[in-house]
Amino acid sequence: MAAWQAWLLLAGAAALAAGLFLIKLRPPRLLIPSILVWTRVLNDVRQQTLWERIRRAVSLIATVVIALALALAVVRPGRVAHGSARAAGRLLVVLDASWSMEAATRRGETRWERAVAEARRLFTSSSGAEMALATTADGLIEGPTTDLALIETALERSQPGGGDASAWPRLAGATAVHFITDGATARPLDPAVVVHSVFEPAPNVGITALEVRPSLTPGNAGDAYLEIGNFAPSAQKVRVRINRGAAEVLSRELDAAPSELLRQVLPIPRGGDPALTVRIDAPQNALVTDDEAFAWVARARPLVVTVVGAQTQWLRAAFERDPDVRATFVDPAGYAARPATASARPDVIIFDRWAPPAAPASPALFFAPPAGTPWLLAQADAASSRSTPDERAPKWEIPGSHPVVQGVDPFTLTVDRARSYSAPALVPVAQSSQGTPLVYVSESPDTRLVVVTFSINESNLTAAPGFPVLLGNAVDWLARPVLFASQPRDADVVHRLQRPGLTAFAGVVTTVSGPANSEVPLTRVGQTAFARLRVPGIYTAQGGGARSTFAVNISDPQLSNLSRTTPAASGRVVTVAAGASGAPWWVYFAVAALVLALAEWWTWQRRITV
Amino acid sequence: MALRFDDQFLKKLEYLHVVSKRAFAGHNRADRLTAHRGRGLEFADHRPYTAGDDFRHIDWKAYKRLGRLLLRLFDEERDLPIYLMLDVSRSMAEPAKFDMARRIAAALCYIGLVHLDKLTILPFGRGLGQESAPGRGKGRIFRVFEYLERLEAAGPTDLRGSFKEFAARPRQLGLTVIISDFLDPGGFEAGIKILRTLGHDVFVVHITSEQDRSPGAFGEVRFVDAETGELREVEVTPRLASAYTKAWQGHAAELENFCGRYDVGYVRADAEQPFEDIVLKAFRQGRFVA
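Just so you know, the sequences run in chain order L and V. This note's numbering puts the first residue of the first sequence at 1, with every later residue one more than the last. This note's numbering puts the first residue of the second sequence at 1001, with every later residue one more than the last.
Excised from the complex, chain L in its bound form (with noise of 0.2 Å):
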């Protein structure tokens, strides 16, 4: 709002007010014959006290006031900021959305208050100008515009949540740029921005790290790796607290030297809660966002497996040794589509030389269903009852990438005969010289499948040494699916090293539950799904008939440490001063305009004082 009409505005309101006092609604008028004695007696009364002759005088000045003050709330006036510019032009700020911008600095604000307070007086010095606010956590999130309304509401929603070093918000046609930030992260700059510096050094107190790793104990389901950083100049203790679920498996008070890593390890048993959650508390901690962290322990229960065949004494053998997997064997005649309840839905369904007349809802392996499985057929050739061909003796000699087939030596494997399925869901990730698919995978929002197109009459698939790594890799990506976007190598490595912000998700994932199962929600773009983790905690990510569970943490030293800062590499560096935050004057012009009403009244309840 330009300062012309600002001015218009408050003196429209003062007026409105005094002349709405003047004629405000009138008690009904009663005719009487003379108004001697009534006035004989309200100057009897009325003489006797000062406030009786002063009220309507005060009321007037009450009810002005009351009108400027709602006239300032609507204007929010503010002081000029250090370094603003009132030129014409566009004008973009930035606000650092790094989680150490919630560290609170010694007069109680967090520097985002003190960033958002100055952000405030930016836009404020600046009114008549087109102005954006962005993050950089969430980019542009309002503006370019003159409405400084929106850019107010846009600063009261906004809050810290991450974000890359690397994102940096553009607007097309910035003649000035303010960054404000605490220097936690280093980001490249342009020279142009004008940085707002809001760090002040505070001790803290945080978790640089947590992770579950496999354990080499066989009777663990792994092992807890925790780092605890003591970044105040004094020494501390610490008290940390490991719950699995909601029952509290370690409480324990540790000495921490200044800039002291405390590392522990915890080996985690089998059974329990598979959510870890690690909370510590120290005297001197600024920031509270790190001091909380999550762990999934993926293995903290065996698989259920049902093994759906006529002869499956090969995969007893194979399941009898592994603790991770609790196996059930049942014939076909035995198998129920649909089991009585959601508990007794198996994590994997192995069907061996035997398929179920419709896809099952569970994820499943496939070892040589029959070739005239309709659904594993295209519609065509199930239509005609045509088998599709089969190669006698193919050779598996180009070792796949797939998750399924990583690691599997084709070479010591012999198959005599494999079948090729020609539903054009299943994708073959390994297949014959002369091209025959050996193993399908199929992945959609509906199933996951992976299709062995060889059983074990026709190979001698029992005695190979990929057996087993073929099994588990089977098994593993059926149970426990990496269902983000990138396929890592090692996808213990993308669960345990998850952080909050835009995460990329692979296409097939219909849901992303977070902490206290709400929902997130998801943006598609082309085959990938995304979703912004705004807050640490447990996430749960569902599609293809299989459920992910991850955690998400902020752990980083760099976030953690909040006595250092990156010196920034543009031209012109801003302190912004402390207490600069509070609640924005229009509020206290707001609140004003309350008391000033309820004097007013007051003073009209009192006017008769007899």
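Think of the hints as simulated: they come from the structure by calculation, not from any bench. You may find that some hints are simply not true.
Said to hold, decoys possible - Computed Cβ-Cβ distance ranges for the label pairs, DEER-style:
id: 1; chain 1: V; residue 1: R1239; chain 2: L; residue 2: T145; range: 51 to 61 Å
id: 2; chain 1: L; residue 1: G19; chain 2: V; residue 2: G1250; range: 39 to 49 Å
id: 3; chain 1: L; residue 1: G19; chain 2: V; residue 2: P1095; range: 33 to 43 Å
id: 4; chain 1: V; residue 1: P1238; chain 2: L; residue 2: T145; range: 55 to 65 Å
id: 5; chain 1: L; residue 1: V595; chain 2: V; residue 2: A1154; range: 45 to 55 Å
id: 6; chain 1: V; residue 1: K1011; chain 2: L; residue 2: L31; range: 34 to 44 Å
id: 7; chain 1: L; residue 1: L31; chain 2: V; residue 2: E1014; range: 33 to 43 Å
id: 8; chain 1: V; residue 1: A1154; chain 2: L; residue 2: W7; range: 45 to 55 Å
Glycine included, C-beta positions come from ideal geometry on N, C-alpha and C.
Following the hints, position chain V against chain L.
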């Protein structure tokens, strides 16, 4: 409202006569004794005969006894000038009040007419209105009724201005009856004092009504003065209503005390009271009529 009295009430009025504390002599013969010696019926005294005296008044019996010519003297009987000053300001516009005032005026007129007094009706508000002198004899009462019925209450009250105007014209001294609610922002004292200073025998009939005596409403009210149009925004609380009632009683008591101090007759006539009670009882108790 038609100002008519029934025959029975008129008969009752005929037995009354207006009492004046002082003896005023009018110009016409009537049945009120005056201080003058003249041709009345009541023997007063003798005096020696002088040339030019009327032979008919020589007391021949005294001449036979005393051998001197003595003239018999009689008390003169004249009429009483009565000025009925009727308030016709807007504050009297309340029908009950105005009717009561006009009825009282009419009743006093009838009593005066019966006793051949010289009546003058003077309506007043901001100043004196068109006065009326109905003449002598009770048959003129209908002209009085017609005149009073034509009167309308309008304009503000100015007792002092009106009575100054009354005093500005030479008039016979007599009995002046003021029929008013005495709600004059300028006060009633100055006006009444003017009449007293002139030498009139003044009598006050204070007309009141329930609307005058009570605050009239509770809660937030904008009172509008019927005469001046002045507004007063008041929230009438029970406490304030009580203060108003006290203030009005103080106003009435002030008028009554003033009248007592200046030897002015005072009678209060509440508009809600029966009219006959006021004339036949209150006026008698106030020694205004006998």
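Structure-based check of each hint:
{"no.": "1", "hint": "V:R1239 with L:T145: 51 to 61 Å", "in the structure": "holds (58 Å)"}
{"no.": "2", "hint": "L:G19 with V:G1250: 39 to 49 Å", "in the structure": "holds (40 Å)"}
{"no.": "3", "hint": "L:G19 with V:P1095: 33 to 43 Å", "in the structure": "holds (40 Å)"}
{"no.": "4", "hint": "V:P1238 with L:T145: 55 to 65 Å", "in the structure": "holds (59 Å)"}
{"no.": "5", "hint": "L:V595 with V:A1154: 45 to 55 Å", "in the structure": "holds (51 Å)"}
{"no.": "6", "hint": "V:K1011 with L:L31: 34 to 44 Å", "in the structure": "holds (40 Å)"}
{"no.": "7", "hint": "L:L31 with V:E1014: 33 to 43 Å", "in the structure": "holds (40 Å)"}
{"no.": "8", "hint": "V:A1154 with L:W7: 45 to 55 Å", "in the structure": "holds (52 Å)"}
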